[in-house]
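Enquirer: Single-letter residue listing:
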Amino acid sequence: MIVTGFARDQWYVAAYGHEVGRRQLGRTILGEPILLYRTEDGRAVAMADRCVHRRFPLSEAPSHLVGDQVVCGYHGFTYGPDGVCVAVPAQRRVPRTARLRSYPVVEQDSFVWVWIGDRDPGDTTPPRAPWLAAPGYTTVCGMEPLNARYGLLVDNLLDLSHETYLHGGYIGTPEVAETPITTEVHEEAGVVYVSRHMDDAACPPFYAESTGIRGRITRWQDIEYHPPCLYLLHSRVAPVGSPPPAADGADRHAFHVEVVYAITPSTEGSTYDFWAVARDFALDDERVSDFLRESNRAVVLQDVAALNTLEKVLAGEGEHYQELSVNIDTGGLAARRILARMAGESAARPRSAAP
Amino acid sequence: MIVTGFARDQWYVAAYGHEVGRRQLGRTILGEPILLYRTEDGRAVAMADRCVHRRFPLSEAPSHLVGDQVVCGYHGFTYGPDGVCVAVPAQRRVPRTARLRSYPVVEQDSFVWVWIGDRDPGDTTPPRAPWLAAPGYTTVCGMEPLNARYGLLVDNLLDLSHETYLHGGYIGTPEVAETPITTEVHEEAGVVYVSRHMDDAACPPFYAESTGIRGRITRWQDIEYHPPCLYLLHSRVAPVGSPPPAADGADRHAFHVEVVYAITPSTEGSTYDFWAVARDFALDDERVSDFLRESNRAVVLQDVAALNTLEKVLAGEGEHYQELSVNIDTGGLAARRILARMAGESAARPRSAAP
Amino acid sequence: MIVTGFARDQWYVAAYGHEVGRRQLGRTILGEPILLYRTEDGRAVAMADRCVHRRFPLSEAPSHLVGDQVVCGYHGFTYGPDGVCVAVPAQRRVPRTARLRSYPVVEQDSFVWVWIGDRDPGDTTPPRAPWLAAPGYTTVCGMEPLNARYGLLVDNLLDLSHETYLHGGYIGTPEVAETPITTEVHEEAGVVYVSRHMDDAACPPFYAESTGIRGRITRWQDIEYHPPCLYLLHSRVAPVGSPPPAADGADRHAFHVEVVYAITPSTEGSTYDFWAVARDFALDDERVSDFLRESNRAVVLQDVAALNTLEKVLAGEGEHYQELSVNIDTGGLAARRILARMAGESAARPRSAAP
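Residue numbers (full-length UniProt numbering), protein chains in the order written: chain E, 1 to 355; chain V, 1 to 355; chain D, 1 to 355.
Hints in this document: simulated from the structure, not taken from any laboratory.
Treat the hints loosely; a few may be bogus.
No copy labels: a pair is met if it fits in one copy or bridges any two.
As the list claims (entries may be wrong) - Below, computed lysine to any residue pairings styled on SDA-like, alpha-carbon distance capped at 25 Å:
| no. | residue 1 | residue 2 |
| --- | --- | --- |
| 1 | K312 | L301 |
| 2 | K312 | G168 |
| 3 | K312 | S59 |
| 4 | K312 | T78 |
| 5 | K312 | P145 |
| 6 | K312 | H64 |
| 7 | K312 | A340 |
| 8 | K312 | E60 |
| 9 | K312 | A61 |
| 10 | K312 | L25 |
| 11 | K312 | G31 |
| 12 | K312 | L324 |
| 13 | K312 | A343 |
| 14 | K312 | R297 |
| 15 | K312 | V140 |
| 16 | K312 | R337 |
| 17 | K312 | E144 |
| 18 | K312 | G269 |
| 19 | K312 | S102 |
| 20 | K312 | Q24 |
| 21 | K312 | S270 |
| 22 | K312 | L65 |
Assemble the whole structure, with the sequences as input and the hints as a guide.
Expert: Dropping the structure here:
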């Protein structure tokens, strides 16, 4: 059964850095409405997206920013970037309790991460996806809203055999579904690894067009899933017969693509599907960037259509529908187990009242 | 109160034969999602429309047929026409439990009937509507989806006095609502008969245009309802003063129209409204066919609009809204009683788990 | 917390008089579906909008009026203006219990008021808004459906500080939000008074355009709320320095606008927002009428947008969301208290079964 509870006390991607600016952005994460904006000196801040007075959303017009403060569009309650209310209409005194919950924020690897939970994040930090903002890589990215529980996207990404059927013509070839996987779980670190190495495979258009390879390829898919939010797919393609990576990691005969997904639960039945594709070749070729952006977006939209369909199916079937798992699901099942453990730990902790 | 439970262990019309072909057709019947298609040798088959793996609908793209097998569009699980899974990605062994529930199918009188239930149909067969595929008759037909519980359509069809008000200008005239009915119920066979014989009535456009009669008519409406699914209206019209049918049934002075409805519950609040009109005159006149098709479709759409409205009304009123029944409702009340008995018998039987 | 129960045994505005005519009008008030029409001699009548037979709405086509009677569009059940059924298809006898609940109606001040409740209204009468149909005033009016609980509109109208933020550019200026209010509650009569007198304020376009005043103004907002339905805003604007009203009430140096709202709960989450603007100047100036109609409608639609947003927010937050009230909310809180008392009294009375 798919996990439906949420893992709290965790970092989640709320937005790309470029989405957060001098206009308010509203995102709902783990069911919590969150307001994001950037102060005049460039700092991203996050706070509850509901005015304390009558709960009008601070992200919606006519609410607006004035300097570093946000002014509610209904009655003018005004808040600083720390969520503290600094002005109330028709009176001098601002009630002491007039403050919005404020969320810890870390900007890293092009993402704006927020900490959702009741505990302090302490010195924990979000996991890394350094390629997205590193020299030597060029990245295209986007976000598609998904009308499906996040567990369906976790399942989807942990088992790439679906590329053959759902994404034929883009990234799927018969070899993906035919080749067995190996799965490893680092229980302590809470990381799931799934690998599929194809020695001699057809080159799908996604790689043929972007790399220029015309023949068959050696294709490696090495997945690292850091529950709950970050998914990394290290993809290596090289013409069949190219030498393997050197002992020191050098691998100049191959093309490398780092496909990154951030899986952020919005509500019980909806999810933000952040996707990014970083490559170490054709760095300045806009045509390749355009092609990979359009191709990956098309692939993501195929997933979105399929998962939206599945969500409707499951929502109609109640809690106890039947599934049948096979070898390809080993990684997905491990991910579900870790997510269920995380969600269980959240549920067991007393939850502070939201201000 | 209208019956809302379903009568299981019964035959239901799932589709017209011409709707089932070499592309998958998905229909939800009594809440069960069913996949229909035709094998290469022309046999109609029906099975559960959910892949055993992750419940993706086998009727939806990119799921597709390959020969007599259906391939799931998500991960490629493949099933034979008996619902047995024959292929799974990345492994040789197919789990023994990987099989879809398969439904008994009978093709008869242009309909594809499926048996919904847990018991075996044994040697029961669906009731007949032979005119729809018989020499000496020409038939037009269609299906309109109804966003209303099936009981509202049963009520509607068992009491034709509504023709005067809802279908004036097509098939209603004042005499229909004015003329009392006679009702008979064959409890053992579970059939409801409702008759209304009008000796001297205006001829509505439906019959005037199709038969060419210009004056007043003798108009007989003889209903046979075979719960739960099949409704037959034997309609006889003849110019006033024409001789009645002979003792041997011969009736060459009258025009006969066999109006057939199949009432198939889809979900609790939706129904497939199959309708067909078979006539024994103007057999090769396309203009008459077109006219009757358009007229009957218009009439059905008037019913659909009224019943969709009623469904919204009733859904908003909870379980205990009040009704007031009068003489014209005798047939409808008998039908409700039989359907309630059938539904009660279904509920009393232990239900096998859906595979 | 906002009141969500309904105050029954009260008068509510169902429609403007000009909306009720020789075609049926259906309105749902306090969850009760009501049919309104005018008899041939011009009397407005109100009765349950559900045929006693199968509950088809009498306000919806093909239901129709014949003389003073309404004929159900499904089977032709026919009712007089008192709700008593006078004809049934295919039989002479009309069942004694075939009668629709009939609602007391009062037409007054351009409104059609109906009494919703189980007790008799006795000699109670709806509260007055005489300017809407009095010589010496010109009125523009409209009604906007609101997809929000009525309490949100009560809150909105009792605290006009929101004009500054939500209606800037129409009727809001900084002084509205800055100026404290005075609130009085006549507990016995059940009336809430909220006043805000601005001695020296900017003149918003709503008044500048309609009165021709170019400089700053003295602006008085005197609210009278007669729960549950009638809200009066006595608005007085005059150039700064104009003399105050005379002891006898004469006030010829000022412009007076009587803004009237009728707040009629439709369902738990929807409301009819009737609005009217009566003025004692430029009585025959169509340009001023057009301007005030368009301006006030724009203002109401800004409220509708904000309150529809709030309804979605609150509907998603369950029963126990938090609010923080300040001085400007004194009137609104008093209104909520009176409405809660009224709703509690309704709930405590035994409710007669709806016919």
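Enquirer: One pair to classify: K312 and R337, alpha carbons no more than 25 Å apart. Within, between, both, or neither?
Expert: So K312 and R337 pass the 25 Å test inside one copy only (23 Å; across, 34 Å).
Enquirer: How do K312 and L301 come out at 25 Å by Cα distance, when the copy is not named: within, between, both, or neither?
Expert: within (16 Å within a copy, 28 Å between copies)
Enquirer: Are the CA atoms of K312 and A343 at most 25 Å apart within a copy, between copies, both, or neither?
Expert: Cα proximity of K312 and A343: one copy only (23 Å, versus 27 Å across).
Enquirer: Are the CA atoms of K312 and H64 at most 25 Å apart within a copy, between copies, both, or neither?
Expert: between (36 Å within a copy, 20 Å between copies)
Enquirer: If the cut is 25 Å between Cα atoms, do K312 and E144 qualify within a copy, between copies, both or neither?
Expert: Classified as both: same-chain Cα gap 18 Å, cross-chain 23 Å, threshold 25 Å.
Enquirer: Between the shortest in-copy and the shortest cross-copy C-alpha distance, which are at most 25 Å for K312 and A61: within, between, both, or neither?
Expert: For K312 and A61, only the inter-copy Cα distance (15 Å) is at most 25 Å; the intra-copy one is 32 Å.
Enquirer: Measure nothing new, just compare the shortest in-copy and cross-copy C-alpha distances for K312 and S270 to 25 Å and report within, between, both or neither.
Expert: both (11 Å within a copy, 16 Å between copies)
Enquirer: Can you give me the call for K312 and S102, within, between, both or neither, at a CA distance of at most 25 Å?
Expert: between (34 Å within a copy, 23 Å between copies)
Enquirer: Give the relationship of K312 and Q24 under a CA distance limit of 25 Å: within one copy only, between copies only, both, or neither.
Expert: between (32 Å within a copy, 19 Å between copies)
Enquirer: Within a copy, between copies, both or neither: where do K312 and L324 come within 25 Å Cα-Cα?
Expert: within (19 Å within a copy, 38 Å between copies)
Enquirer: For K312 and E60, with the copy left unspecified, which applies at a CA distance of at most 25 Å: within, between, both, or neither?
Expert: Between copies only: 13 Å across, 29 Å inside.
Enquirer: At most 25 Å between C-alpha atoms: does K312 with P145 qualify within a copy, between copies, both, or neither?
Expert: Both ways: K312 and P145 sit 15 Å apart in one copy and 19 Å across, limit 25 Å.
In this structure, only the earlier hint numbered 15 is contradicted, and the remaining ones agree with it.
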